[in-house]
Amino acid sequence: MDMETWFAPAIEMGRLVRQYRIAQEDEKEELERRIQNSAYISRLNTMQSFNSVDFLRGIVEEQKVNFIKRDFFLNPATPSFGGEGEAHYQLSYHRHDYMEFIFVLRGSYVQSINGVLHRHQAGDVCMLNPNVIHRDEVSGPEDRVLFMGLSAGFLKGELARFFAPHPEIAAFMENQFGRTDQQYILFHREDFSPVEGLLEQIVEEDERKLPGHHLVIKGYLVRLFGLLAENHGYTCHYQSRKEIEENLLAEILNYMQEHLDTVNRTELAAFFHFNPDYLNRFLLQKTGENYSSHLRFMRLQAAAEQLKATDKSVNEIIRELGFSNKGHFNRMFREKYGMLPGAYRKAWEN
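Numbering (the numbering used here), first residue to last: 1 to 350.
By construction, these hints were calculated from the structure, which means they are not laboratory data.
Just to be clear, a hint being listed does not mean it is correct.
List time: in silico SDA-like cross-link candidates among lysine to any residue, alpha-carbon distance up to 20 Å [what the hints assert, rightly or not]:
| # | residue 1 | residue 2 |
| --- | --- | --- |
| 1 | 326 | 345 |
| 2 | 28 | 3 |
| 3 | 156 | 223 |
| 4 | 156 | 73 |
| 5 | 218 | 243 |
| 6 | 156 | 70 |
| 7 | 69 | 49 |
| 8 | 312 | 322 |
| 9 | 308 | 322 |
| 10 | 286 | 349 |
| 11 | 312 | 348 |
| 12 | 218 | 229 |
| 13 | 218 | 1 |
| 14 | 218 | 298 |
| 15 | 28 | 46 |
| 16 | 209 | 27 |
| 17 | 156 | 227 |
| 18 | 308 | 349 |
| 19 | 156 | 96 |
| 20 | 286 | 298 |
| 21 | 308 | 335 |
Ranges of calculated distance between the beta carbons of each label pair, as one might list FRET restraints [as the list claims (entries may be wrong)]:
| # | residue 1 | residue 2 | range |
| --- | --- | --- | --- |
| 22 | 249 | 336 | 28 to 34 Å |
| 23 | 261 | 23 | 55 to 61 Å |
| 24 | 167 | 107 | 51 to 57 Å |
| 25 | 15 | 257 | 31 to 37 Å |
| 26 | 213 | 39 | 53 to 59 Å |
| 27 | 328 | 12 | 45 to 51 Å |
| 28 | 249 | 1 | 43 to 49 Å |
| 29 | 266 | 230 | 32 to 38 Å |
| 30 | 29 | 211 | 41 to 47 Å |
| 31 | 238 | 15 | 38 to 44 Å |
| 32 | 8 | 211 | 53 to 59 Å |
| 33 | 131 | 108 | 37 to 43 Å |
| 34 | 39 | 161 | 34 to 40 Å |
C-beta atoms are modelled at their ideal positions from N, C-alpha and C, and glycine is treated no differently.
Please put together the full structure from these sequences, using the hints given.
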């Protein structure tokens with residue numbers, strides 16, 4: 001099967017999701033019906049447990065794990081059709097109970113894995129162990145990215161023998177390091193055409209589903225992984241819990257900074273795959289302040305910076321930073337800086 005034909009339903013889904021995001025409220029019901037009844041969503045719902053429509057919108061239930069419904073699946077990434085200069089849509093943090101491979105066939109793909117940002121280019125492959133917490137930036141309209149899911153038991157015996165010359169990968173597959181929820185492997189081949197050729201054959205077998213196709217696919221996968229491991233063109237990544245927490249803290253604080261006017265604890269917790277109460281405890285442990293206190297600190301700091309660097313009125317600044325009550329803002333500002341906002345601006349000017 002031609003790969004562009006195989007990607008067509010995902011591309012159409014990207015257009016529908018874009019239409020939904022910019023649609024008027026009275027248009028959304030019809031678009032949601034089209035999304036729900038699309039070939040892409042129907043296929044996706046046979047593979048994994050997420051409510052696919054919600055997942056594509058970035059709505060992921062807190063602490064939700066995506067479960068695989070079959071031993072093996074292939075799925076094309078849905079591209080983003082944003083306007084010129086518009087940032088690509090970011091999905092929330094999530095995790096799987098299966099091993100996931102991401103193949104970048106064309107263009108690029110951005111992922112944050114355990115709080116570390118990776119920009120994969122054409123020819124890159126990422127292999128994620130089950131339960132690694134990650135989020136994805138929806139790819140652009142010209143990017144072509146393929147996801148592959150494998151259940152824990154699929155190919156286990158064959159790969160254990162096949163990867164004997166590559167002990168790090170063998171241990172990764174066999175879950176022997178005791179840190180498997182924190183592992184991922186990045187592969188890169190300069191000549192990616194043999195990998196693409198095998199992927200096309202696997203897609204063809206999976207689509208046609210002739211008798212014995214599972215065995216044929218297993219054989220192709222063994223060859224595929226052999227190509228990826230060839231010449232040791234890979235890097236294994238292991239992160240301690242401390243490293244993961246430090247990376248996630250930096251991302252959480254950055255997210256809060258970028259959404260100072262609208263962020264709330266429930267939304268923030270859902271985006272980072274945390275329970276809201278756990279998010280509070282996490283921030284308290286790492287910063288010495290709970291969510292509300294730290295957000296207030298960040299907003300007041302931003303207000304002080306704007307008073308120094310802009311000629312915006314105090315009312316404007318209050319509105320932009322999400323404060324709802326001027327009197328309350330003034331009290332908090334004086335408590336932190338020892339004077340009211342107007343006096344602070346004058347003192348800085350002098």
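Which hints, by number, does the structure contradict? Violated: hints 2, 5, 10, 14, 15, 16, 22, 23, 24, 26, 29, 32, 33.
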